[in-house]
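Using the sequences plus the hints, can you model the full thing?
Read off the chains here:
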Amino acid sequence: MAAITYLEAIREAIDEEMARDANVFLMGEDIGEYGGAFKVTDGLLAKYGASRVIDTPVSEIAIVGAAAGAAQMGMRPVVEMQFMDFMASAYDMLTNYVATARYRAFMPCPMVVRGPAGGYVRGGPFHSQNPEAGFLHTPGLKVVYPATAEDAKGLMKAAIRDDDCVLFLEHKYLYRRIKGVMPAGDQVVPIGRARVAREGTDVSIITYAATMWKALEAAEQLASEGVSAEVLDLRTLAPLDDDAIFTSVRKTHRALVVHEDTRTGGLAGEITARINESCFEWLDAPVLRVTAHDVPLPFAPALEDFVLPQTPDIVRAVKRLASY
Amino acid sequence: MPAVARRGGSAPSASLSREQKLQLYYWMRLTRTLEERLAALYRQAKLVGGLFRSLGQEADAVGSCFALERRDVMAPHIRTLGAMLVKGARPVEVLRQNMARADSPSRGRDLNLHFGDLERGFLGGIAPLGDMVPVMAGVTLSFRLRGEDRVGLVFVGDGATSTGAFHEGINFAAVNKCPLVVVIENNGYSFSTPTSRQTLARRFVDKAIGYGVAGEQADGNDVLAVYNVVRRAVDRARAGEGVTLLELTTYRRTGHADHDNQSYVPSGETERWAAENDPIDRYVRVLVGREKVEASELEAVDQRVRDEVDHATELAEASPMPEGPDALRGVYAEPAAGWGTCDTGHV
Numbered sequence: 002m003a004a005i006t007y008l009e010a011i012r013e014a015i016d017e018e019m020a021r022d023a024n025v026f027l028m029g030e031d032i033g034e035y036g037g038a039f040k041v042t043d044g045l046l047a048k049y050g051a052s053r054v055i056d057t058p059v060s061e062i063a064i065v066g067a068a069a070g071a072a073q074m075g076m077r078p079v080v081e082m083q084f085m086d087f088m089a090s091a092y093d094m095l096t097n098y099v100a101t102a103r104y105r106a107f108m109p110c111p112m113v114v115r116g117p118a119g120g121y122v123r124g125g126p127f128h129s130q131n132p133e134a135g136f137l138h139t140p141g142l143k144v145v146y147p148a149t150a151e152d153a154k155g156l157m158k159a160a161i162r163d164d165d166c167v168l169f170l171e172h173k174y175l176y177r178r179i180k181g182v183m184p185a186g187d188q189v190v191p192i193g194r195a196r197v198a199r200e201g202t203d204v205s206i207i208t209y210a211a212t213m214w215k216a217l218e219a220a221e222q223l224a225s226e227g228v229s230a231e232v233l234d235l236r237t238l239a240p241l242d243d244d245a246i247f248t249s250v251r252k253t254h255r256a257l258v259v260h261e262d263t264r265t266g267g268l269a270g271e272i273t274a275r276i277n278e279s280c281f282e283w284l285d286a287p288v289l290r291v292t293a294h295d296v297p298l299p300f301a302p303a304l305e306d307f308v309l310p311q312t313p314d315i316v317r318a319v320k321r322l323a324s325y
Numbered sequence: 035m036p037a038v039a040r041r042g043g044s045a046p047s048a049s050l051s052r053e054q055k056l057q058l059y060y061w062m063r064l065t066r067t068l069e070e071r072l073a074a075l076y077r078q079a080k081l082v083g084g085l086f087r088s089l090g091q092e093a094d095a096v097g098s099c100f101a102l103e104r105r106d107v108m109a110p111h112i113r114t115l116g117a118m119l120v121k122g123a124r125p126v127e128v129l130r131q132n133m134a135r136a137d138s139p140s141r142g143r144d145l146n147l148h149f150g151d152l153e154r155g156f157l158g159g160i161a162p163l164g165d166m167v168p169v170m171a172g173v174t175l176s177f178r179l180r181g182e183d184r185v186g187l188v189f190v191g192d193g194a195t196s197t198g199a200f201h202e203g204i205n206f207a208a209v210n211k212c213p214l215v216v217v218i219e220n221n222g223y224s225f226s227t228p229t230s231r232q233t234l235a236r237r238f239v240d241k242a243i244g245y246g247v248a249g250e251q252a253d254g255n256d257v258l259a260v261y262n263v264v265r266r267a268v269d270r271a272r273a274g275e276g277v278t279l280l281e282l283t284t285y286r287r288t289g290h291a292d293h294d295n296q297s298y299v300p301s302g303e304t305e306r307w308a309a310e311n312d313p314i315d316r317y318v319r320v321l322v323g324r325e326k327v328e329a330s331e332l333e334a335v336d337q338r339v340r341d342e343v344d345h346a347t348e349l350a351e352a353s354p355m356p357e358g359p360d361a362l363r364g365v366y367a368e369p370a371a372g373w374g375t376c377d378t379g380h381v
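Just so you know, the protein sequences line up as chains V and B, in that order.
Residues 2 to 325, numbered by our numbering, are exactly what the first sequence covers, in order.
Residues 35 to 381, numbered by our numbering, are exactly what the second sequence covers, in order.
FYI, nobody ran anything at the bench for these hints, they're computed from the structure.
Be careful, since some hints might not be right.
Said to hold, decoys possible - List of simulated lysine-lysine pairs, DSBU-like, C-alpha gap at most 35 angstroms:
1) V/K48 / B/K80
2) V/K252 / V/K180
3) V/K320 / V/K180
4) B/K326 / V/K158
5) V/K158 / V/K252
6) V/K158 / V/K48
7) B/K326 / V/K40
What the hints assert, rightly or not - Now the in silico label distances, taken between C-beta atoms and shown as ranges:
8) V/G270 / B/A235: 46 to 54 angstroms
9) V/H294 / B/H293: 40 to 48 angstroms
10) B/D137 / V/L304: 42 to 50 angstroms
11) B/P300 / V/A23: 51 to 59 angstroms
12) V/G270 / B/V82: 33 to 41 angstroms
13) B/E333 / V/A23: 48 to 56 angstroms
14) B/G83 / V/V296: 39 to 47 angstroms
15) V/R123 / B/P300: 54 to 62 angstroms
The model shown is predicted, which means the values in this text are computed figures rather than measured ones.
In this text, a Cβ means the ideal position worked out from N, Cα and C, and glycines have one as well.
In structure tokens, the structure reads:
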């Protein structure tokens, strides 16, 4: 079977789920006739009609709120944020209404909020953000952020079938840069399961999304210098796959957490704390982090490249860990 | 003036039976008596948290929901207890909620009127104002997408009209032709803020023009007038004519919550509304004068309501408190794993 891009994999998953379940429908800005800012939903209006692919006003609160209401009535809405940066506009609706609905009112909101996130694309401060941390902190939401085309498809299918709200972050740098061959049949990648992307014995690099590819690149370089790095692709950020993290760290005794998100309050801090609580006796070195600097993401290539984690940063950090 | 095509013929309330008109009285009296009981329990420190009243606003809540069918869905706000009762909420549920009991509808997880039941057709509201408008846009969008003969009604206060959620929600519902009635319960104050500090619009219903939807204003303390405008809006929604924005004018006679001493209210204002414009007193005059209802019939309703509230109070006071560990269950569909509960053995 031919390889398809990460973006096409997402579209294929949505398409298959719409065909499978008549309750699945899409809402978002410019997703119908235009097919979405990145064309993720291209062709779906023609295939499923205007009652299942709904162009909305520029209203993130209403898009998320209406998805919640429709979900509570038994629909399975999949809504697009044109850029995940704009999910901030719907923060109240997601954290106060959606995330609490099952717990306080026993009226869950099975829905997917999806859209392009991440940098390395010269998008500037409002088209490059990694907004996961604010939502990882909210009990009631699930967050996935796939790195591969296969996972993008399988996790999207899982997200649409999930009985809770899933925030589905798609890395726009990966949209058309990576491809994968989709497994035959109805393959669902379970939410909450990490994946060992490369086996190694000396250091565990725990990461997700675009930096997973940088970690693989770093591991390749390190191998030629005699350091064996394992790369763990988290895939799901909430709930975290503690078992996979602990298994890897207990094997290598050294851990590096890498993410594209900014440092303070980022997921790496939480992972570090969990390793500390559960793997302290196995550690031969402190857990280190490679992350973006704590600044808004700037536009100019030299600035963006400086702020975001790069492969040499990962190589350096792994060498430091290996030297303990 | 927002355009509403008035249909010919008599007002919808003209076709209400005498029994239905007595039911309206029952729901308003139940609302008031239940709140009076809550106030008494609050003073005895038997409630957890604050107490929010709808004293003097019973007519708009009750009259609105009386125009809905059981299959329709309503989203209340903090001052529409009467709407929830009409929709099937039971006094014992309201009491247990306010007492934070284990068998309250939210199992002690949320406050006062924050509970719902899809079977009975009402959603639990949440504290951020205006949020239920987008949610109800989605609820009613689902009715339209599935071709169901159901409408939605969402209450907001005057304060909520200033939120982004209200604006986005009503606009979204309007362009999607959702069968939704948006009721602004204008009671003069949002906490301490008078409507003059909330909007420069002469009337809240004037906002309907900007959204391109039908709009009507009515005296919210006249339960039959409320029923009439809401019934017309519900009929329009059912006929596929989309959203209607209603403004029901009333007055908040108590503070925002029981802790509020209303120092910002001009002297004599609440007393004047109580004496001259109490919705229950007004409706009693209608029932006695026009419908020839006997005082004894009304007294029988009052007694029935007292008995119901007494019984509900006994049940609620006997209800257990939740156990601490109950707090950990039910955040997600499946049991917690990888969710960072404090189970490391170190904590």
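Now for the hints, and whether the structure bears them out:
no.	hint	verdict
1	V/K48 / B/K80	violated (59 angstroms)
2	V/K252 / V/K180	holds (31 angstroms)
3	V/K320 / V/K180	holds (30 angstroms)
4	B/K326 / V/K158	violated (64 angstroms)
5	V/K158 / V/K252	holds (32 angstroms)
6	V/K158 / V/K48	holds (19 angstroms)
7	B/K326 / V/K40	violated (68 angstroms)
8	V/G270 / B/A235: 46 to 54 angstroms	holds (47 angstroms)
9	V/H294 / B/H293: 40 to 48 angstroms	holds (46 angstroms)
10	B/D137 / V/L304: 42 to 50 angstroms	violated (58 angstroms)
11	B/P300 / V/A23: 51 to 59 angstroms	holds (57 angstroms)
12	V/G270 / B/V82: 33 to 41 angstroms	holds (35 angstroms)
13	B/E333 / V/A23: 48 to 56 angstroms	holds (54 angstroms)
14	B/G83 / V/V296: 39 to 47 angstroms	holds (42 angstroms)
15	V/R123 / B/P300: 54 to 62 angstroms	holds (59 angstroms)
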